[in-house]
Amino acid sequence: MKYFQPHSVEDALEIAQTAEATFLAGGTDLVLHMRTGKVQPSGIIDLGKVSVLREIKITDGFLNIGSMATFADLGKSELVLRNAYALWQACQTMGSPQIRNQATLGGNLGNCSPAADGLPPLLALGAEVHLMSAEKEEIVPLATLLGRTPLLGQETLIRGFCIPLKELKSGFAKLGRRRALAIARLSVAVALEVNENKVENVRVALGAVGRRAFLSESLSQVLSGQELNQEWLEKGVLEVQRIVREALGTRASAPYKRVAVSGVFREALESIITEGGIQA
Amino acid sequence: MIEINLVVNEKPYTLNVEPSERLIDALRNRLGLLGTKEGCGEGECGACTVIMDGKTVNSCLVLAAQANGSVITTIEGVGNRRSPHPVQKAFVEVGAVQCGFCTPGMVLSAKNLLDRNLKPSETEIGIAMSGNLCRCTGYDKILRAVKIAAEEGAK
Ligand SMILES: Cc1cc2nc3c(=O)[nH]c(=O)nc-3n(C[C@H](O)[C@H](O)[C@H](O)COP(=O)(O)OP(=O)(O)OC[C@H]3O[C@@H](n4cnc5c(N)ncnc54)[C@H](O)[C@@H]3O)c2cc1C
Ligand code: FES
Ligand code: FES
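Note that the protein sequences, when read in sequence, are chains R and E. Letter by letter, the first sequence follows residues 1 to 280 of the working numbering. Letter by letter, the second sequence follows residues 1 to 155 of the working numbering.
Calculated directly from the structure, the hints in this document are not laboratory data. Wrong hints could be hidden among the right ones.
[To be verified] Straight-line distance between alpha carbons at most 30 Å, and here's what the computed DSS-like set of lysine-lysine pairs gives: (1) K11/E / K89/E; (2) K89/E / K2/R; (3) K136/R / K38/R; (4) K169/R / K136/R; (5) K119/E / K76/R; (6) K235/R / K166/R; (7) K55/E / K147/E; (8) K57/R / K2/R; (9) K89/E / K49/R; (10) K49/R / K2/R; (11) K169/R / K198/R; (12) K136/R / K2/R; (13) K2/R / K11/E; (14) K235/R / K169/R; (15) K55/E / K38/R; (16) K169/R / K57/R; (17) K119/E / K141/E; (18) K141/E / K89/E; (19) K141/E / K11/E; (20) K38/R / K57/R; (21) K38/R / K89/E; (22) K147/E / K76/R; (23) K198/R / K136/R; (24) K89/E / K55/E; (25) K89/E / K235/R; (26) K235/R / K198/R; (27) K55/E / K57/R; (28) K2/R / K76/R; (29) K141/E / K49/R; (30) K119/E / K55/E.
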């Protein structure tokens, strides 16, 4: 097995084009998969020395997050706290301190497990993904990218994520740890705009209820353009339960998750709805 | 084989490692630093915790090659019987050590916290130690030991 340790994005892309090699970010998924034999790369391109990929910054109305930013970096970032609250919350509860120090947001997407904690917040916040290969550069909405199979070509680098700065209110909640049985895992991210006492453009994303995290169209429709009150919340709960029932069908986890999701949904909204109404 | 340079416990090394070799293997087998323990080998237990460039990581999930250019502290670099680190002293005093398998990782997580934060709150201590599992002692003793070490250090 060959091992490459490039220092720039250009070099990484060139190696990816010429050698049959797999990108390595933190390694919290890949190193395990190599040990169990689940993947057997013939080469590795370690992105750890490409320092530009770790940047978190604001440019042209977007919060730009490099693919190599770790969950610890993101969870300590003022910019993320202020502009992408749901993502910030997800970073506090992901893994353990050691895992957060090593695991990257790019690797979370690259591995794309059904329960990847970074993806529901990114979906709810309307994030786009910046992809690059030696031949092509592309910015795609995450929701579109998650519809592709395979997710990425072998030579495609996740350069980073762009989250539009839209003054959204957002929140995230999850149930279950990574190694908890799949039946006990579930996550919900919500983002919305507040106009007077109405909420607009409500986006709800669910994790661990399908093959990949997804945005719910119907929740958007049911919940957008309305007054935020108890009735709104109960409507959301009914609808989110219906979606989970539909997504899981007769799977063994369905009865449990259908009940559990209402609590997780309410919790995801806790940072948005306070006792007195909508949080200022 | 690939050549890597790293500093471990303040000593520089040049090593030739296999691309798939993990940091824990290089530390134990090539450098003979047996204080770093392998428990689960899957990132869950924290027994293999080392400090890499100022941050705790599970050395069972890091490739040795990824540590190229890094500065690493293992338990051997923290203290010894003659001059134990305040965290080690507190662990012994409180009785937070039973079989001792988890202790090196625990001590490194605690030391790393105190290096960054002289006066951690109980919540901060709880979070910092949450990636280290112990099968023997109650966590109470471990958390108390870290608190005592913090109070000692702050004096
Ligand atoms: C003990 C433990 C607990 C965990 N807990 C959680 C949890 O609570 N929530 C959660 O979501 N996950 C959890 N994980 C899973 C894992 O940590 C995450 O998925 C993490 O984000 C992976 O990032 P990484 O940098 O380690 O990726 P790596 O393992 O380096 O890579 C993962 C995959 O992505 C590809 N890849 C990485 N970077 C790029 C890039 N820039 N471009 C193209 N492809 C790329 C790699 O080729 C590989 O296929 C846990 C893992 C462990 C071991
Ligand atoms: S041995 Fe590395 S975390 Fe358990
Ligand atoms: S003292 Fe035995 S595992 Fe902690």
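Evaluation of the provided hints:
1. About 25 Å separates the Cα atoms of K11/E and K89/E, which keeps this hinted pair within 30 Å; it holds.
2. Distance check on the hinted pair: K89/E and K2/R sit about 45 Å apart at the alpha-carbon level, beyond 30 Å; violated.
3. This hinted pair checks out: K136/R and K38/R have alpha carbons roughly 29 Å apart, not beyond 30 Å.
4. Simply put, K169/R and K136/R have alpha-carbon atoms about 34 Å apart, too far for the 30 Å limit, and the pair is violated.
5. Our distance criterion of 30 Å between C-alpha atoms is met by K119/E and K76/R, whose separation comes to about 18 Å.
6. This hinted pair checks out: K235/R and K166/R have alpha carbons roughly 25 Å apart, not beyond 30 Å.
7. For the proposed pair K55/E and K147/E, the alpha carbon gap of about 20 Å is at most 30 Å, so the pair holds.
8. With a CA separation close to 33 Å, the supplied pair K57/R and K2/R exceeds the 30 Å bound.
9. Only pairs whose Cα atoms come within 30 Å are accepted, and K89/E paired with K49/R is rejected, the gap being roughly 37 Å.
10. With a C-alpha separation of about 17 Å, the suggested pairing of K49/R with K2/R holds against the 30 Å cut-off.
11. For the suggested pair K169/R and K198/R, the alpha carbons sit about 13 Å apart, so the restraint of at most 30 Å is met.
12. The straight-line distance between the Cα atoms of K136/R and K2/R is roughly 25 Å, inside the 30 Å bound, and the hint therefore holds.
13. Restraint check for K2/R and K11/E: satisfied, since their Cα atoms lie roughly 28 Å apart, inside the 30 Å limit.
14. For the hint pairing K235/R with K169/R, the CA-to-CA distance comes to about 19 Å; that is within 30 Å, so the pair holds.
15. Pair hint K55/E plus K38/R holds up; C-alpha atoms about 28 Å apart against a cutoff of 30 Å.
16. The hinted pair formed by K169/R and K57/R meets the criterion: a straight-line CA distance of about 20 Å does not exceed 30 Å.
17. The straight-line distance between the Cα atoms of K119/E and K141/E is roughly 18 Å, inside the 30 Å bound, and the hint therefore holds.
18. Our distance criterion of 30 Å between C-alpha atoms is met by K141/E and K89/E, whose separation comes to about 13 Å.
19. Restraint check for K141/E and K11/E: the C-alpha separation of about 33 Å exceeds 30 Å, so the hint is violated.
20. Among the hinted pairs, K38/R with K57/R is inconsistent with the structure: their alpha-carbon atoms are about 35 Å apart, more than 30 Å.
21. For the hint pairing K38/R with K89/E, the CA-to-CA distance comes to about 43 Å; that exceeds 30 Å, so the pair is violated.
22. A C-alpha spacing of about 23 Å is found between K147/E and K76/R, which places the hinted pair at or below 30 Å, so the restraint holds.
23. Only pairs whose Cα atoms come within 30 Å are accepted, and K198/R paired with K136/R is rejected, the gap being roughly 42 Å.
24. Distance restraint check for K89/E and K55/E: the Cα-Cα separation of roughly 22 Å lies within the 30 Å cut-off, and the hinted pair is therefore satisfied.
25. As the CA atoms of K89/E and K235/R are separated by approximately 57 Å, the hinted pair breaks the 30 Å bound.
26. This hinted pair checks out: K235/R and K198/R have alpha carbons roughly 15 Å apart, not beyond 30 Å.
27. Taken as a hint, the K55/E and K57/R pair is honoured in the structure, with Cα atoms around 22 Å apart against an allowance of 30 Å.
28. With a C-alpha separation of about 35 Å, the suggested pair K2/R and K76/R falls outside the 30 Å cut-off, and the hint is violated.
29. Of the supplied pair hints, the one linking K141/E and K49/R is violated, its CA atoms being roughly 40 Å apart against a limit of 30 Å.
30. As the CA atoms of K119/E and K55/E are separated by approximately 18 Å, the hinted pair is consistent with the 30 Å bound.
Comparing the model with each earlier hint shows violations of hints 2, 4, 8, 9, 19, 20, 21, 23, 25, 28, 29; every other hint is respected.
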